[in-house]
Each structure stands twice: as structure tokens, then as C-alpha cells.
Amino acid sequence: MTLRVAVIGSGPAGSSAAETLAASGIETYLFERKLDNAKPCGGAIPLCMVSEFDLPPEIIDRRVRKMKMISPSNREVDINLVNEEEYIGMCRREVLDGFLRDRAAKVGANLINATVHKLDIPGNNTDPYTIHYIDHTEGISQGIAKTLKVDLIIGADGANSRVAKEMDAGDYNYAIAFQERIRLPEDKMAYYNDLAEMYVGDDVSTDFYAWVFPKYDHVAVGTGTMHVNKASIKQLQAGIRARASEKLAGGKIIKVEAHPIPEHPRPRRVVGRIALVGDAAGYVTKSSGEGIYFAAKSGRMCAETIVEASNSGSRIPTEGDLKVYLKRWDKRYGLTYKVLDILQTVFYRSNATREAFVEMCDDLDVQRLTFDSYLYKTVVPANPITQLKITAKTIGSLIRGNALAP
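Residue numbers (full-length UniProt numbering): 1 to 406.
The hints are simulated quantities; they were obtained by calculation from the structure and are not laboratory data. One or more hints might be untrue.
30 Å max Cα-Cα, derived DSS-like pairs, lysine-lysine [stated by the list, open to error]: (1) K165 - K146; (2) K327 - K118; (3) K34 - K215; (4) K338 - K230; (5) K377 - K149; (6) K39 - K68; (7) K149 - K34; (8) K215 - K230; (9) K68 - K327; (10) K338 - K165; (11) K215 - K377; (12) K106 - K34; (13) K165 - K252; (14) K252 - K234; (15) K247 - K66; (16) K165 - K39; (17) K68 - K255; (18) K68 - K188; (19) K323 - K234; (20) K215 - K106; (21) K188 - K252; (22) K255 - K215; (23) K255 - K34; (24) K323 - K106; (25) K118 - K247.
I would like the entire structure built from these sequences, with the hints used as guidance.
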């Protein structure tokens, strides 16, 4: 037999999973509802993703080597990468996603332009799952209803995952991100050539930060807040537009977009022979809001587990086999999520603590630890003296933040 696996959703998580499966000789079906989808996203990727996922330079719009952190009182802290070879990649999701999807198809994944609307779940461990979907390939507006039988399913269909609902994966708390793409005059765009900005303050985000990230020929200007505060999202967007108004002067809005961001992993990420990856699983970090690398990595790790457990497609993996992927994932990245959760709780709760956060970012030791963690997804423990210094600075910054906050 040849194992049949359906991957539903072709973002970085789904395409990375499909590529790994197909390259191993497993019969792979990759479903995507909208092939020209441009997901609203800041689009920042760490340096390690470029090499690890063999991303060509042409899909990276900007190589950001300067970050500007701006506090509620408009204190600015500049963070510069010292190593000339290091950078944060800025991508447009429609370009990145299209590249990864096409690469998966080239190695053998069967790409299906369709909307999945229902799963028939078998009552035993061997019978196939039946996927009900509307095929859009023929260009007919209403599409054609079809079905497909598979042995395993990977849900990579985003925060509003249909697969997660069908497998009763449970809900999670989520945030709302709102973003405008703004094309700037040439002189204004030059300022953002290799620079990204992050703003904090109650006026731009009650829970996170707001951003101005450079793209190919425009900047992405956005903010986010927890869904309970979603009614204020346009007011917060007006706040970031006001804070950055001089730098955005003369700009033209070319696209307005919004999307949900999961805030923690779902209660159940593997049920039967269905596994969730990426946003569908809830793999977005707090504090930083990063999700692209973790999506691609989770898709690849899940697929590698399937290849291993199935002996390259010669047997059907069990629920227990799939849960090995979860154990590996949680062991590798669980601490990262917990630490960033704590940082968000400590530093994003008031303007005073946000002032402290920006002040801390002025410290070179903090910058080095932060960038090592982000660029390479590895955290090298600081020596005891440096650790004591950072701890003391944190306490001092929190104290002074209460005095500095507007």
C-alpha cells in the first residue's frame, strides 16, 4: 500500500508538510481554497529560516538590520545588528506562500484548488477519512462537489481551522491584527530601506505592539489587540498612523486587511489520525506575535514524524504515532512559548511597564540575547554576571518606567 495523506491549507505550515511527505514518496494531496491569497501579516522571518528552508533571495523584499523601538512617551531606542551577515527577512506572504506551495507541487504533492467543508471520521483505526470539498479548478463560480478518501489528515488551515472544528480540537483565546499596506513617496520609503519600527503604548495597542515593516515597494502598518477589545481596533490603527504620521506623509493606502492570531496551542492538536500544525494548532508566540517560522517548522516536524512512523508510507500511523510529533514539538519549543508569555504579561500590562521594556532594549546584552533567540531560535544562557546585570536592569527599568510613562 501507499499511505494517503491530505494536507488542508497551503501556507508555510501546509506546504512544508506536503513537501516533506511527497519527497518521501507518500501520496500527498495539498488543498488550498485561494491560490492568490495574500494573508495579512507583518511578514518578518528569522535568518535561520532562510537557510533551513532554502529560501531564495528574490522572495525576500527587505533585509532589515535596524530596529527602532518607540515607547509610549516617544522615547526611541535603536537596535542595530552588528554582524553584517545577519538580518531579519521581510516578505510578502503571497510571494512566500506561493513559492513554498509550488515547491511542494514540484516534488509530487497533488495541489487541489478547493474549499474543504466537511470530514467523515471513521469509527476505527484503519478505515479512511472522507474529505468533502468544492473543487474550484474548472473556474466554475459555484465549483464542483467532490470527495477524497485518505488515511491521515494534517490541518494547516489557519486560525479559523475547519479541520480543528471537525476533530473537536477545542477553542483558544485569540487576538485580532489589522494592517494597512501603504505606498510611500520615494524619499519616505528610503527611510525604511533596512529599518523596521515597533511602537508600544495604550494608544496603539492595549495588549501588544504596533509596527511599520518595510516591503518591496510599500510599508505594512498595523496593530493587534485581544479579540475582547476588537471594537477598538480601528481606533488603535488610527493611533499608529498618528504616531508615525511624519514618516508616512504622502503615502497611499493600497490594501487594508485583518486576521485572527491564536494566543496559545489548542487543547487537542492530535485526534485519531488528524494532526494540526501552524496557526490551526495555535503556534504563534506571545509578546512577539511571530508565527511564520513556527508554522513551517511544525509542518515539517509533523510530516517527518509521519514518514518515520509509516516506514515511508508502508503502514498507517496511529494516534500514538502522531502524538510523538507533539512531544518533540513541546520539548523543543515549549519553553520559548512560556517565556514570551511571561514577558507579555510583565511588560505589556501598562504604559509604565512598556516604558521599562523599551528602556531595557537599550542594553547591548539584552539586544544580543534577544537577537540570538529570534534569528537562530536558540537561547545561549548568559554568564552569571551578565544575568545579574540584566535582572538588575529589569527591576530598575520597571521602577523608572512608572515615572516616565505619560
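Evaluation of the provided hints:
{"no.": "1", "hint": "K165 - K146", "in the structure": "holds, 20 Å"}
{"no.": "2", "hint": "K327 - K118", "in the structure": "holds, 28 Å"}
{"no.": "3", "hint": "K34 - K215", "in the structure": "holds, 22 Å"}
{"no.": "4", "hint": "K338 - K230", "in the structure": "holds, 25 Å"}
{"no.": "5", "hint": "K377 - K149", "in the structure": "violated, 38 Å"}
{"no.": "6", "hint": "K39 - K68", "in the structure": "holds, 25 Å"}
{"no.": "7", "hint": "K149 - K34", "in the structure": "holds, 22 Å"}
{"no.": "8", "hint": "K215 - K230", "in the structure": "holds, 26 Å"}
{"no.": "9", "hint": "K68 - K327", "in the structure": "violated, 37 Å"}
{"no.": "10", "hint": "K338 - K165", "in the structure": "holds, 26 Å"}
{"no.": "11", "hint": "K215 - K377", "in the structure": "holds, 23 Å"}
{"no.": "12", "hint": "K106 - K34", "in the structure": "holds, 19 Å"}
{"no.": "13", "hint": "K165 - K252", "in the structure": "violated, 39 Å"}
{"no.": "14", "hint": "K252 - K234", "in the structure": "holds, 17 Å"}
{"no.": "15", "hint": "K247 - K66", "in the structure": "holds, 16 Å"}
{"no.": "16", "hint": "K165 - K39", "in the structure": "holds, 21 Å"}
{"no.": "17", "hint": "K68 - K255", "in the structure": "holds, 24 Å"}
{"no.": "18", "hint": "K68 - K188", "in the structure": "holds, 16 Å"}
{"no.": "19", "hint": "K323 - K234", "in the structure": "violated, 40 Å"}
{"no.": "20", "hint": "K215 - K106", "in the structure": "holds, 27 Å"}
{"no.": "21", "hint": "K188 - K252", "in the structure": "holds, 12 Å"}
{"no.": "22", "hint": "K255 - K215", "in the structure": "holds, 13 Å"}
{"no.": "23", "hint": "K255 - K34", "in the structure": "holds, 17 Å"}
{"no.": "24", "hint": "K323 - K106", "in the structure": "holds, 29 Å"}
{"no.": "25", "hint": "K118 - K247", "in the structure": "violated, 47 Å"}
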